[in-house]
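Asker: Taken in sequence, the protein lines are chains A and B. Going by our numbering, the letters in the first sequence line up with residues 205 to 598, in that order. Going by our numbering, the letters in the second sequence line up with residues 1106 to 1381, in that order.
No wet-lab data here; the hints were simulated from the structure. A couple of the hints might just be wrong.
[What the hints assert, rightly or not] Not close to chain A: a few residues of chain B, all C-beta gaps over 10 Å, as computed:
{"hint": "1", "residue": "Asp1160"}
{"hint": "2", "residue": "Asp1265"}
{"hint": "3", "residue": "Lys1307"}
[Claimed, not checked] Some residues of chain B that are not near chain A, with every Cβ distance over 12 Å (derived):
{"hint": "4", "residue": "Glu1158"}
{"hint": "5", "residue": "Asn1179"}
{"hint": "6", "residue": "Arg1340"}
[Stated by the list, open to error] Listed below are several chain A residues computed to face chain B (Cβ distance under 7 Å; list not exhaustive):
{"hint": "7", "residue": "Gly243"}
{"hint": "8", "residue": "Pro267"}
{"hint": "9", "residue": "Cys578"}
{"hint": "10", "residue": "Pro589"}
Just so it is clear, CB atoms sit at the ideal spot from N, CA and C, and this is done for glycine as well.
One-letter residues, chain by chain:
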Amino acid sequence: MPDSAVTAKAHADQEPRVLTGTHFMLGDHACAEGALAAGLDFFAGYPITPSTEVAEHLARRLPALNGRFVQMEDELGSMAAIIGASAAGARSFTATSGPGFTLMMENIGLAAMMELPCVIVDVQRASPSTGLPTMVGQSDILQARWGSHGDYGIIAYCPASPQECFDLTFRAFNAADKYRVPVFILMDEVVGHMTERVVIPAADELPIIRRKRPQNAPGDMPFLSYAPDEDLVPPIAHAGEGYKVHMTGLTHDERGYPAMNAETHDKLINRLVDKIRLHAADIEMYEEIGVDDADTIVIAFGCTARSARHAVNQARSEGLKCGMLRLITAWPFPEARIRELIHLGKVKRFIVPEVNLGQLRREVERLTQLPVICLNHAGGAMPTPDAILELIRS
Amino acid sequence: MTVTEQTIQPAANIHPIDSLLRADRLPHMLCPGCGIGTVIHGYVHAIAASGIEEDKHVCVSGIGCSGRAAGYVNIDSYHATHGRALPFALGIAVHNPDLNVTVISGDGDLTAIGGNHLIHSARRNVNLNVICINNFNYGMTGGQVGPTTPLGAKGTTAPDGAVEQPFNLPYLAKATGAVFVARWTVLHVREFQDAVLRAMEKSGFSFIEVLAPCPTSFGRYNKLGDGAHELEIYRERCRIENGATNLEDLDIDLIDESKSITVGNFVDIERRTFME
């Protein structure tokens, strides 16, 4: 940032960037605090229920920390603005819900293609279209994976509590920079509007991983914005640094120049997919309860995982061989672990409760011939612990 | 090879603005007679004359023929999605206010699919220089009419002539809050270059419309001849009126030979910028 160090220090003295301590905090606010703790510089967004509290919180907090808050004219512009800010070196962020997420898909593809890191939180509501704006949904999970046209790797975290809203938003910024990808926080209305205990660690316990930067000073050799290292991720030079970068949504060569041929396209798109696919084991996160001896495994994420946890614990206390696999990353989907559990031979069936009509179920069915029992609600309400428990007992 | 040849040969390849063009991307993909090259030429000359370090200039384009401009200037340059050059540029300019950010794009990109961003960027008075290359049609996709096509002018999607009232862009830019508004044509090379320079000097949102021939599409369907012939129309019918106050009367009629085309620097005011 161009602001002088003196000004920055004066602001920082008044406004702490990391709210270290124990709080009783709204999920949406915890998400915003996670972004601030991760070093957020730039937010651009458009108000939409049930994510508005993220923007409102940052409108108060971010300018006091020398960051920039811009309320845009729509979500198309919001997404474009955070990519532009990222090109200039910012840790950038936006918050939305289903209808806005759909509009952002255009430029999410651009972020994937230009490989400009940014973080997008989608607080899901009952959909499609305007749906139930104030009520819960989990039906953007496949849109998060496949929403923009074409193939590209993606990362999506799905918090199940305000604490995870903080933790995973913080983590999302590191992942975005590390892999040069847009990263999603797939929240839902229940988690976003829930107030719970949130513990925020000291700043020095929150390690920030920054994007890779050019090794050489700008000069004689043209900088190759898209020449990847062994990890398939290229370093980034920012606008104004003198590297004369060119970035485009067109298929491009390592210099960033348009290259209108099938070979370059195939190589580029495979790398965009592989840089996430080959690092899936590093990125994936899930929580397990008693899966090792379980004949029934419940797979759930977000708010639904809270019901599932209650049901699984109750079932286990009744002596039923039941476990839970809770997705913390929806994408990459932890398919290696699920295949492993199937291979171990104990599991006889899966139960997939979710607030949509079977989007996660498709992913599980893709991996197994075992029965996949679903418990769906189209949105506005979520599966109760009793309903899940009844299926486990059946 | 003689000593003389060795000394002359490199000198013959150096042009004062070579360093500002991506020579490794030439020849460009623009058609013979197209006006976009002249606009790029004017922009890089303005960079050289601006007194601002080259590295502090950034160029952002959208999609279309004019959208390819960013790909030919040898500074940090970004080729965004269709219509989104302005919000993309906003992200750069707001995060790093030390940069002089110019958006070069076409009339379709900036005023149709990107129209909402245009009016809001002007209203916010974000520190951006916008060069809107108006060739009255969608050239890259083959000559469809758009929101700047003059009434009655033909395109592949209006074979009997455009029936919708087109935008009067200087009037629109002024009404929505731009602090500098100009219209020139690619024939007015010096005036255009000076306007770009003025935009670079000014804080806030500057908007320059530059009329450019598209002989391959618009010119062909409207029997305007080749690019040179369209320039001849500009020469005969353009009337320079700097500081014109009647911006509402600046509609363009290319077909009716009795109508003049008003060009000039129309607005140059100060207004609180977004960063202020």
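Asker: Okay, which hints does this one fail, numbers in order?
Answerer: 1, 4, 5, 7, 8, 9 and 10
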